[in-house]
Structures are given as structure tokens and as C-alpha cells.
Amino acid sequence: MEYKYVSFGISDYFLGINVVLVREITPQVNFTRIPRAPDFVCGLMNLRGQIVTIIEPGIRLGIPPREISPKSRCIILKTLQEIEEKTNGINLTNETVNEPVGLLVDYIGEMVGTKEEDIESPPANIGEIDRKFMKGVLKLEDKLMIVLNTTEILKKPK
Amino acid sequence: MGIQDRQMLNDLIVESKEHLSNIEPDLLELEQKGSNVSDELINRVFRAIHSIKGGFGFFGIENVTRLSHSMESVLSKIRDKVLIVTPDLVDALLSGIDKLRTLLDDIDNADNIPIENEISKLSPFLESNKNRKAEPTQSSTNELDIAIRKKHPDLTDDKVIEEIKNGRFIYQITLRSHSDLDDKNLTPAALFEEWEKIGKILDIMIDSDSVDKLEGATQKELTYSIIFASVLEPDLIGIALNLKEEQIYQLDTTSIKKQLTKENNGGGSQILKKDNETTKEKSQSDIQKGESKIEDVLRVKVGLLNKLMNLAGELVLSRNQLLQYSNHSIKNLLETERILKDFEHKVEISCNRIFETTRRNPTTGKEVLAEEIKKIKNFFSDCFNIRLNELPALNVIIQNIDRVTSMLQEGTMQTRLQPISVLFSKFPRIVRDLAKKCGKEVELIMEGQDVELDKSIIELLSDPLTHLIRNSVDHGIELPEKRVASGKNKTGKIILKAFHESGKVHIRIEDDGAGIDKEKVKKKAIEKGLISATEAESLSEEEIIKLILLPGFSTAEKVSDISGRGVGMDVVKTNIEKLGGNIEISTLLGKGTAITLHLPLTLAIISALIVESEGHRFAIPQVGIEELVRIRSKDITKMVERVGNSEVYRLRGKLLPLIRLSTVLGMEPTFIHPETGERLPDRRTRWSDRRKKEGDEKKENSEINDKRKGVADRRVSLSNSIKIIVLRSASEPFGLVVDEVYDSEEIVVKPLSEYLKQCGCYAGATILGDGTVTMILDPNGIVKIADLKFKELEKAKNEELERYKKEQQKEIKDILIFDNGSDERLAVELLSISRIEKVSKDRIENVGNREYLRYENGVIPLIRLHNYLPIKSPEVENKDYFFVLVPKTENIEKKAGVVVENVYDVVATEFSSLDKATIQSSGIVGSKVINNRLTLIINLAELTYDIITN
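Those protein sequence lines, which keep their order, are chains G and P. Numbered per my numbering, the first sequence spans residues 1 to 158. Numbered per my numbering, the second sequence spans residues 1001 to 1950.
If we strip away everything but chain G, and leave its shape as in the complex, we get (with noise of 0.2 Å):
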């Protein structure tokens, strides 16, 4: 089966998301930072009048923070119910949050195509990443992208 990624980069690392789990990618990174939040939460975005969750993948991967830059995006997520609906395939299960959830990235890369059987499990780490937020690596070309497990990235939090 054949699968296609959203490919994005978060410092130096390169990696991709499923794009069934892709709503929109927006260049608007404006958003309300909220005191006491949670350090990985970048703050509320309204995004056409809804309120979305912009956390930056990068803190809970274990990325020193960076700067937004002009090239900074942010992948809007469906919720629970937007997949559900259209596939069938992924599960989100009940741990993660429901409700509207934005990845703020450094950049977005292209899109990348591949089957199944070439995602390779990933080793215990690549760099500062853990091995629980992989769910594979795939070798492109020229480097490695890493498939985020998304569920744990929006695991509620305890």
C-alpha cells in the first residue's frame, strides 16, 4: 500500500506526517502564547474563526527551541473525527487529544511518496529524538526522514 507524507523539517532533522491526518497547512503563526502552558504549547491560533492548539513538535522531541522565520509553518491536524470519518486505516486512539491541533514547523518540504514496506523500524534514537515519537525512518536520496508517531506527539497530557 502505498503511502504519501508531508514532509517538514524541525532543526536539523528532517521528517514527515502521514497526510490523511493533514486539515491544511497555513503560513499564519500568529498566535496568544499562554502563561503557564505547557512548554511544547506555542499558544491559540484562530484559524478562520476556530481555535486551534499550536504546539511545536521540536520542544517535545526534545529540540532546543528556535526562532519563528519567515519560512515557519504551521500543519494544522483533522481531529479525531475528520479521520475517523474519511479512513479507516489510522487510529487515533482515545489517549490522544480531540480537538483542533496545529504542528508549528521550521519549513515544509515536499511531499513524499512511498510504500509500506520500505519504512524501516526506527532505531532506539536519532539524535535527541526518542524512539517512541518514530514510527519509522525512510531513506531518500540524499538523507533520512523520519515518520512521527503522531498519537504520542498528542498524547493528552497526565
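If you're looking for bench data, these hints aren't it; they were derived computationally from the structure. You may find that some hints are simply not true.
[To be verified] Cβ-to-Cβ under 10 Å is the rule here; a few derived chain G residues that face chain P:
#1 ILE34
#2 VAL52
#3 THR53
#4 ILE59
#5 ILE63
#6 PRO100
[To be verified] Covered, in the sense of this in silico footprint (three residues per stretch, anywhere, with C-beta under 8 Å from a C-beta of chain P), are these stretches of chain G:
#7 23-33
#8 44-50
Think of the CB as a built atom: it goes at the ideal place given N, C-alpha and C, for glycine as much as any other residue.
Assemble the complex: chain G is given as a structure, and chain P must be docked to it using the hints.
For chain P alone, kept in the frame of chain G given last:
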């Protein structure tokens, strides 16, 4: 069943359910008051059941009709005072109501749900009276009986008996093929199909007599005689079947019924038992099913609807005005365009003319130029003559729309609001039943039934509240004997209370029962493996009580059908959390338990005050705000007191703890630099501290210099005043200090992101008018976060009190050390002086041999200490200024200044260890070695008093 029928049926179900919940409290009252009950009450119940029976009779839902018929019969006996109300009777009626509800919930399946159990409960009441009442009616029906018998309907037929058993009326209906069928274009089959909906056709006979009579007629008319069984009463059947009254005869079935009940009493019991079991199972599955059931129909007061209609009308009116306005505007614009084009054209002509004339004749050119310019000016003023005044005032229209929109919004919101009594009304019944079952005596007191809540919240609250009430009765309230033994009133009390507070709705269930045994909870939790024994040791009392909210927890020794399966509190917790609320449990062993549900204001539009702190804007729900206080910056040091690390403000004599929003939210304090306008970190810890950067001595000095030059302190400005929002939390009021207070705004509350729930201080988020996302603050959360500070405040208060006490014992006092220009050290008690004034010599006036100082608005005498005390005179007076100490005096006339040369320090000294013997003189308290110097301590008040009065 057609769509229309389905619609009607649904409406009927909703209506009937309402009837049922309305009469339930009536029945309870009936039980309490017994037969003294008012006729109106009985009639109300009777009418409700009657209309249910009638309604479902039309739809042919047999079970509903049968059951309600039995209930109605019993009720009519009560009404006629034939039956005396007993608890058993009310029980039977209530179980009937319950069953009716079950039937209504599953209407398509209603006829398959057994109702015999309920009917058999009711029938004893029915029978005992039927015997009494049946006698007189018998004779009246005799005549009819004979008439019918003549036509030989066989009432002993099995089919007929079966129907009679089911409580149906048996009718004999005469139908004429000509007038009843052909004229109405009906085939017998179609007609009978219709009839089958409301009853059962048992037998159809063709009336032989009438056939004979009609023989030979051109159009053969047949007369059918039909035996029809239906639950509908004689007065309804005619309408239902669309037949004339005389076509219908009711057959008397009394004798058969009598016979039947006799049989029933003998052999029916076994069937009933079986039935009992199935209903039990059924009702359990009903409970599970019922949990997710949500009513979709809403009743709105007609008055409110009318108001909304009027508003909608007004809105349409305003829209028309606006449309008209826009039409006018467009017309005007077109007109303007035309005029401007005209203007352009005319200017062009003028230009050409000027050009032509100046080319041909330069001398006359000037005149032409002037003339043309004048013309252009005239054209120009024409352009302004567009009739703008014809337009309706836009402002008025917009104001109107603004007003109508907000009223419409408010009204629409109101339609969603329902009084919580909708929910509460079922509890008296539940409490009664449970108490009876458990053999307890419980009184339920309900308060705040008019508190209005959003419909969806009310719906979701139903189950948790029921669970909690059940718990209170089952676990909370003790058995009467036990209560008496522990010195309590025999009757337990449960208080169910709803109220608004700090923008939330709170519902409290309070009982004066046994309370929760923490040790027992701990033991059970370990037993069930919910926590380990070591974990249990480290838990606080609060945490232990919270254990009961865990799934699978139950302290009940025995699992009853009421509670003890260990799902209750878990369900409560999840449901309340679903609503975004939380649960608070407080309990006292032996005294009772109070469980408070705090429900949020979600799903609503609320008005909120927008404030700013450290550049972040927040919304505070208006409901929680008591008042706003602004302290002018020059009053800050005076009005804000400091206790320990906390600040307090004296608000009308009461201490109001101050919480800085920036501190609560952990934001770095900043200030805006007055010159550069940038936001810089602020290291002050209190308002009285001067702002300075570490190691920036120079700047500090220049600041002081600025002040001297008369430049206002930059803190002394409007924006630097302190703005306090006095909030009422669940506990006590507190002041929230913010940087800026903006307008109040109507905001739509959006649920809080799950990531932000742990922050604890937000109630939700909203989007403001300008599109920015803003957090809504939760006053209670703020208090919780700042709770430590409250405790600290108390601790500090106590500490201060203790220190003060100690000081009192030790007599530690601050003294001011100075000299009189000689090498002797002198000191006075700091508290005894009101001012230290630096005075230049030229302010001294000499009158006689006395010296006076211009001070404030008058003059005060100066005292040279060496003239009155046994001390040295000053050596050389070469300084052009000196200090004057002004002692505190009550009487302004008796003020005097004490001249001193140098002021050194303030030192705390134990007065108790003062040497009072070595140096003795009037005006001297004693001496002590302070900082390695012998210091004389002077009693300034005594001294000045002596001098002045002399």
C-alpha cells in the same frame, strides 16, 4: 405508519412524558396528605393519565392504553372517595408511571413489554371497588343487554374473553354498506384495516333481518354487525371510527370480568413471578440504555417566542432601512459620478477657451482667465449640492441593528435555558422509593430550583445527580435506630442545592449521614488493588477521599441493586468532566458528606471584562467581579501594606489580599521604559521599591536628581496606578492586580484545550472582536494557584503578631542616634519624633534670646539641648545647615524643634537593659553602650513639654 403519524406519535410521547413527570410529585403529595388531598390535585393526575390513554388509544398502542386505563380506573375511585390512599396504592401507581415511561421510551416495541406485573398491582384496588360499585350500574345496562342478546353475539367466545381480560371494551357495531361504505368510497377491507389500528375485529356478521327487509331494492344495502374490541371508551369510539353514536352498542362485560378475576386469583401468581424476573432484567438494561438518551424537543414559553418574533420583525425593518440606504447611496454615487464627469468636461472646455484666447489675444487673456476660473469655481460648488440630506441617518440604523441583534441573541440563549427544577423534580420520588427500600427515613430539601442552566448541561447532569442522591440515601444516611443512637434526628436530611457563584453553577448534595470513613476507603482501595499499601500511606486525607472516584471502587459491604457495584462515582466523575466541571467532596465522619459539583459556563455567551497583564490580554467573567479599585500611584505605598511576602489592601476597613496576575501566571514582571518604549524586565518585588537595574548606580542618582529638580517621578502617572479587580471566589474575596483594564465584551466561550487544563487558571478561550484569541480566567483556579500565598499571608500575620508580642516583652525599640556637635552620642526613641528636617541657617529667626524656625505654615521654637541637659555645648558651628527633630505632639501649639548637628543611624535597642542609674537628669531616660559608644537616651517628649510649658 406514515411520516405524519410518526411525527404525531413523537409529539405525543414527549407530551406524555411531561405529563408523567408532572404528576409524579402530585402522587407523592397524595401519599403524604392521604385522603385530605384537594380534588384539583386528583383531577390533575386523572386528566394526565386520561390524555395519555386517549392519545395512545388512537395509535393503537395497546399496552400503554391498557396500563393507563387501569391507572385511570384506580384514580377515578380515589376521586370518588371510594378508595383510601395508602402507600401501597401510591406504590402501585408509581410503578405504573415507571412502566409507562419504559413503554414510551421504546414505543415500537411497547406491545412486547410485559405490563401484567403493574396491572396486577393495580387490580386489587380496582376489584375491591368494582364489587361495590357494580351493583347499581348493572340494572341500567340490563335493557341494552337484552337488546344485544337478541342479536346473539357470543360473549363466551374465547376470543372475546381474551379481549375482556386485557381490559378492552366490547362493542357491537352496525355498519351499512350503502351509507357507511359506498358513500365514503371505502371498500370494507380498507375500512376494517383502519379499524384494526384502534382495536380488534372479533366477528363480522351480516344482519339477516335487514337483508330480508331490503330484498328487492335496486341498490342492495347490506348491514354488517361487527363485534369490535377496543380500549377506547364509549365516548371516544364513535369519533375514532367515524360512526354515529346509535350505530355502536357497548356490550356489558361485567359478569365475565368478575368470573375472570376469580380464576386469576387462583392461578395467576406463577405467571406474575415469571413476569417479575423478566421486568427486572429489562429494567436493568433500561438503565444502561437510558444513560445516553437525550431529549431533542424543547419547550419554549410563548411570551419569549413572541419577543423573539418581534425582534426578528424589528431586524427585518432595520434591514429594509439599510437596503434603502444602500439604494440611496448607490443613486447618490451615480449622481456624483455624473456631476464630476460634467465638471471635468466643463473644466476642459474652460481650459481650451483660455488656451485659445491667450494664444490669439494675450491682452484679453487675463480677463477670460479670471472669468473661466470663476466658472470653474461655480461648477465645483455645484458638485457639493448632491442631496446628501435625503439619506436616512446611517447611525440610527446601525444603532438599532446593534440593539436588536444583542436582544435577539439574548433571547435565543434564553430559549436554551431551563430551570434546574426540570431535573430536581424527579428526586423526591427517587429519595422516597430508596428510603423505603432501605428502611430509612429521609427528608429531601431542595433549594435554588429556579437556577437556569443550558439544556444540554441539564440533560447530561441527570445521571450523575441521580447517582449522588442514591449514594446519599444508601450509604450516607444511617438507619433510624443508628441515628437515634448517635444522637441525631431520626429522619435524615439531604439538601440538594443549586446556585450561581463566580460564573459557574454549583450543585451541592449535602447529607447529615455517616460521612465517609477514610480508613475504610483506604482499606478497600488496597483490597481492590487500586493502590498499593505503601502508596496509601503517603496519601493525604483529601487524596484518600478522591479514591472513591476511581472506577471499580465501592465501600458497600453488600452489593445491592441500588448501589455498590462500584460504577457510580466513576460515572459521576466522567460525566461531570465531560461537561468540563469538577467535583469537590468534603466529609466528616459521623456528621455527613457534602459533594459539590462545579459546572462551567461553557456553551454560553457571557459578558467578560478584558484586562491586560504584562502584555497579555485576558477575559474575566463579569459575574465573578465585585468591584474595580484603582489606587493612584502616589498612594500606593500608603494603601498597600505588606505582610510577609504578600501584599494586602485595606478595602473599607477589611484586609483584601492582593494577587498579582503576572505572578500567578508566572510571567516575568516587566515595565515599559518611558523613553525607549520597550518592555524591560522589572526586578522590583514590591511597589514601594524603586525601579533600578543592578549596578546602575549612576542612573539611580540621576533619577533622584530629576526628582529634586521637580520632574515628576515616572511612576506617578495614570498608567502606573494599581488596578485591582475585586473578585469573589468560592472562598473569600481577593484583589487581582492587573496592568490595564479595558472594556467589557460579550464573548463566546470556547472549550479549553486539553493541554491547557493543567494550567488550572483558565475557564476557556475566546476570540475577541479584533480576532485575537484570549484566555478566560477562572477566579477559583487563580485562588488555588495563589493558595500558598494565602497561607503564607496567614503565617506572616501570626509571625508578626508573635514578634510584636516578643518585642513588647523585651521592650525592643528603635532609637535614632545623633550628636549635638560635640563628641557625645545622644539618642531618642524613633517613635517619639514625627520629622527630621534638614534646615539651612537662614531659616532661623531670632526673637529676644530665643530662636524660632519657620516650619510648615507657622513658626516653632527651637531647643538647643545643651541649654537644658547636662551635656557639652557644640564645639564650632561652621556648617550652614543642621537638623531639626520635631517630636510627636498631640497639640500643634506645643510643637518645638530640637536642634542637632549630625544624624547617624537607627538602631534597635532593648530598653529593659538600659542603665538608668549612672547618668540621671530630668529628660534623660538612661544610658547604654551602643556601637561601642556610650549613648545618652533622651526622653524628647518630656523634655520639650517641660521647656514649652515653662
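To see whether the hints hold, each was checked on the structure:
The interface hint given for G/ILE34 is met, as the beta carbon of that residue sits about 6 Å from the closest beta carbon of chain P, less than 10 Å. A least Cβ separation of about 9 Å between G/VAL52 and chain P falls short of the 10 Å threshold, and the interface hint therefore holds. Of the supplied interface hints, the one on G/THR53 holds, with its beta-carbon coming within about 4 Å of a beta-carbon of chain P, less than 10 Å. With 10 Å as the threshold, the beta carbon of G/ILE59 stays out of range of chain P, its nearest partner Cβ sitting at about 12 Å, so the hint is violated.
The beta carbon of G/ILE63 comes no nearer than 18 Å to any beta carbon in chain P, farther than 10 Å, and the hint placing it at the interface is violated. About 9 Å separates the beta-carbon of G/PRO100 from the nearest beta-carbon of chain P, less than 10 Å, and the hint is met. Check on the stretch 23-33 of chain G: 3 of its residues sit with their Cβ under 8 Å from a Cβ of chain P, so the three-residue criterion for coverage holds. Counting residues of the stretch 44-50 of chain G whose CB falls under 8 Å from any CB of chain P gives 4; the rule of at least 3 is met.
Checked against the numbered hints above, the structure breaks hints 4 and 5 and satisfies the rest.
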